[in-house]
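A.B. asks: Sequence:
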Amino acid sequence: MDSATPSTAFQPDLKVLPWSRRGSFLSLSRTTRLAPPLNLAPQTDLFLVSQCVALSVPMFALRPLPGGLGLNEPPGFHDSPSPTTIQATVSSIKWSYESKIVCEATFQDLRSIRLRGNVPLAFDSDVQSDPSVYMGMYVFERPPHDGLKAGVEVTYKTFPGYRFLPTKGHLTTVNGQTNAFRVNRRIQIQGTVDDPHWELIIHELDVRENLPQMTWKETSCKLALEEATNTTFERMGEKMATEFDDFVVAMCPWAEGKPTEAEVLASYVTWTSMVRAEHKFTKEAILMSKLWMNKVWSWDHCFNALAIACLDQQLGLDQLTVVFDHQAPDGRLPDSVDWKNVEWGFTKPPIQGWALSRLLAQFPDMSDDKVQPLYDATARLTDFWMDTRRGDTSRLPFWAHGNDSGWDNSTAFDSTPMIVGPDLAAYLLLQASCLEQVAKRLQHENDSEKWANMRSLLINALIEELWDGESFLLKNAITGETFKTTALLQFMPLAAARHLPDEVVDKMVTSIVSKHLSEWGLATEELASPDYESDGYWRGPIWAPSTHLVETGLRDAGRIDLADEISTRFLRLCEKSGFAENFDAITGEGLRDLSYTWTSAVYLVMRREAIERGDAK
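Oh and the sequence shown: position 455 is 455 in full-length UniProt numbering, straight run, nothing missing.
Hints were generated in silico from the structure; no laboratory data involved.
Please note that a few of the clues may not be correct.
Claimed, not checked - Ranges of calculated distance between the beta carbons of each label pair, as one might list FRET restraints: (1) 67 / 222: 35 to 45 Å; (2) 212 / 568: 51 to 61 Å; (3) 534 / 222: 10 to 20 Å; (4) 340 / 442: 42 to 52 Å; (5) 376 / 409: 33 to 43 Å; (6) 212 / 282: 27 to 37 Å; (7) 401 / 531: 37 to 47 Å; (8) 177 / 146: 33 to 43 Å.
Claimed, not checked - Quick list of in silico lysine-lysine cross-link-like pairs, DSSO-like style, CA-CA up to 27 Å: (9) 15 / 100; (10) 484 / 507; (11) 157 / 258; (12) 484 / 450; (13) 149 / 168; (14) 222 / 149; (15) 239 / 258; (16) 168 / 222; (17) 340 / 222; (18) 157 / 94; (19) 340 / 283; (20) 222 / 258; (21) 258 / 507; (22) 340 / 280; (23) 100 / 157; (24) 280 / 370; (25) 450 / 370; (26) 94 / 149; (27) 168 / 239; (28) 15 / 576; (29) 515 / 576; (30) 515 / 450; (31) 370 / 157; (32) 340 / 258; (33) 239 / 222; (34) 283 / 370; (35) 440 / 340; (36) 15 / 258.
Even glycine gets a Cβ: it sits at the ideal position worked out from N, Cα and C.
Hey, can you work out the whole structure from these sequences and the hints?
C.D. replies: Quick look at the structure:
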């Protein structure tokens with residue numbers, strides 16, 4: 001990026017990326033899910049989104065109203081978009097009309113967005129966007145009090161609540177103070193006839209539990225008003241830009257202050273997806289996205305841990321423990337964690353041992369005080385799978401559903417959701433191997449022997465039950481019947497290739513190259529399969545996690561040429577198409593959620609490792 005700093009040279013594309021900042025649960029997004037039909041797609045307006053509700057449902061459309069447009073009946077999200085154009089930098093958003101800036105936004109702090117403008121700005125809600133959430137919206141006008149201008153408060157059933165605080169100009173509402181929940185609402189700020197300029201703070205209320213009682217003067221709301229008085233709009237933007245610049249430098253130290261466009265974009269995707277520790281998030285956490293998938297799933301977090309550890313070792317470990325902190329008594333991990341909920345409908349693949357091994361290789365001097373709790377949690381997780389997810393038809397554990405495997409709708413699960421899969425066995429033998437080595441380090445000799453025996457059991461059972469001499473099979477967990485699959489899932493034992501016989505690895509390598517390796521990487525379904533779908537989620541597209549697990553396994557087993565090829569193609573894919581949730585395996589087009597952190601995480605890890613090997617510029 002030459003001599004310019006990342007924050008000055010980089011302009012976020014709001015059709016692809018959210019606009020937010022590290023630590024905040026607030027974002028502004030042009031790409032969102034509107035009902036109907038709830039498809040993630042770019043819109044004309046920009047939307048205020050709270051990451052305190054699952055799946056980033058928008059609260060309000062922001063609509064500057066130039067040309068004397070007045071307060072009228074709120075039309076919802078689909079009608080009457082603002083005629084303005086929108087441009088973003090890392091630290092601000094500007095709305096323009098007829099080449100003149102009419103409205104601006106920046107972050108004041110982690111709970112507050114500050115706006116200013118010279119034409120009226122409307123905030124329109126739409127009860128149809130998600131009735132289960134917004135049926136409970138209530139908007140009321142707060143009278144002036146003790147020197148505080150009249151404001152508006154927005155409350156929800158489960159949200160923290162939001163206060164609109166004008167510091168200049170005045171607020172009005174349509175359908176505020178009504179008990180009718182099935183109506184759209186509008187909040188509007190504007191100046192006066194003599195002075196059209198206005199300024200506003202949108203503040204997320206502090207509802208953290210078990211804190212000492214605060215006076216009004218001690219609340220985050222009051223402090224936000226004081227900060228607005230003491231710090232200029234421009235200075236707030238400068239502080240935000242500097243924080244991002246420092247983050248990029250720390251995440252990409254090899255760039256020596258001159259990161260590539262892809263490195264800056266990957267850093268931005270990660271930085272904007274970070275949220276502070278609050279409610280169900282016991283640590284600072286990296287969400288998968290602030291566009292849509294605004295949770296931490298119990299395998300996604302492992303990839304973010306590996307990437308962010310380059311910035312801060314403890315922060316990397318925190319990405320593991322933010323999920324481990326919710327571990328069930330039997331060792332099970334939840335499916336996902338968000339601001340409000342811990343979801344238990346499913347679980348996710350046990351790759352925590354794989355991640356811990358890689359973190360220990362990156363930080364061999366990590367203290368035993370940090371290692372011990374991770375060892376304990378990973379051991380309990382492993383016992384959960386071996387103790388509660390095995391049946392009489394196999395020595396190997398089973399997936400109860402495709403969602404448990406992380407490969408939700410893969411063709412591997414078309415005939416039955418309950419399968420004994422070679423992928424699960426591979427993850428667990430990697431986990432047992434990790435625990436064996438860590439137990440030796442911590443001088444838990446009995447434990448070390450236990451894990452060594454488990455590793456041997458898993459290797460033997462994997463080969464004896466699922467290898468047919470040419471490929472790995474799947475097994476019906478109920479009947480014990482084995483069957484073939486065209487899904488990439490059959491090749492996931494390559495993640496543990498160093499533990500497998502050479503002849504098995506040789507045949508898998510030959511087959512994966514001929515059946516799954518496209519110009520851009522590893523397709524999750526055979527490219528020639530009749531079930532292949534270009535935008536089929538786990539039925540064809542390339543994904544970061546499967547790519548990284550296979551690449552590291554091949555490299556650990558000395559299959560360097562293929563590992564390098566897979567790494568090179570994935571890096572090139574991201575540099576072409578950004579950091580989408582997944583990619584069309586033929587065209588390389590980004591698919592679904594286009595700002596996804598496990599993709600940016602895997603890119604940053606692979607990029608760093610390629611630089612360290614001397615394989616990249």
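A.B. asks: Evaluate each hint against the coordinates.
C.D. replies: Hint by hint, here is what the structure shows:
no. : hint                  : in the structure
1   : 67 / 222: 35 to 45 Å  : 36 Å, holds
2   : 212 / 568: 51 to 61 Å : 55 Å, holds
3   : 534 / 222: 10 to 20 Å : 53 Å, violated
4   : 340 / 442: 42 to 52 Å : 36 Å, violated
5   : 376 / 409: 33 to 43 Å : 34 Å, holds
6   : 212 / 282: 27 to 37 Å : 20 Å, violated
7   : 401 / 531: 37 to 47 Å : 19 Å, violated
8   : 177 / 146: 33 to 43 Å : 21 Å, violated
9   : 15 / 100              : 22 Å, holds
10  : 484 / 507             : 15 Å, holds
11  : 157 / 258             : 47 Å, violated
12  : 484 / 450             : 32 Å, violated
13  : 149 / 168             : 9 Å, holds
14  : 222 / 149             : 12 Å, holds
15  : 239 / 258             : 20 Å, holds
16  : 168 / 222             : 16 Å, holds
17  : 340 / 222             : 25 Å, holds
18  : 157 / 94              : 32 Å, violated
19  : 340 / 283             : 14 Å, holds
20  : 222 / 258             : 40 Å, violated
21  : 258 / 507             : 43 Å, violated
22  : 340 / 280             : 6 Å, holds
23  : 100 / 157             : 39 Å, violated
24  : 280 / 370             : 22 Å, holds
25  : 450 / 370             : 22 Å, holds
26  : 94 / 149              : 25 Å, holds
27  : 168 / 239             : 23 Å, holds
28  : 15 / 576              : 16 Å, holds
29  : 515 / 576             : 23 Å, holds
30  : 515 / 450             : 38 Å, violated
31  : 370 / 157             : 39 Å, violated
32  : 340 / 258             : 39 Å, violated
33  : 239 / 222             : 21 Å, holds
34  : 283 / 370             : 15 Å, holds
35  : 440 / 340             : 39 Å, violated
36  : 15 / 258              : 26 Å, holds
Violated hints for the displayed structure, listed by number in ascending order: 3, 4, 6, 7, 8, 11, 12, 18, 20, 21, 23, 30, 31, 32, 35.
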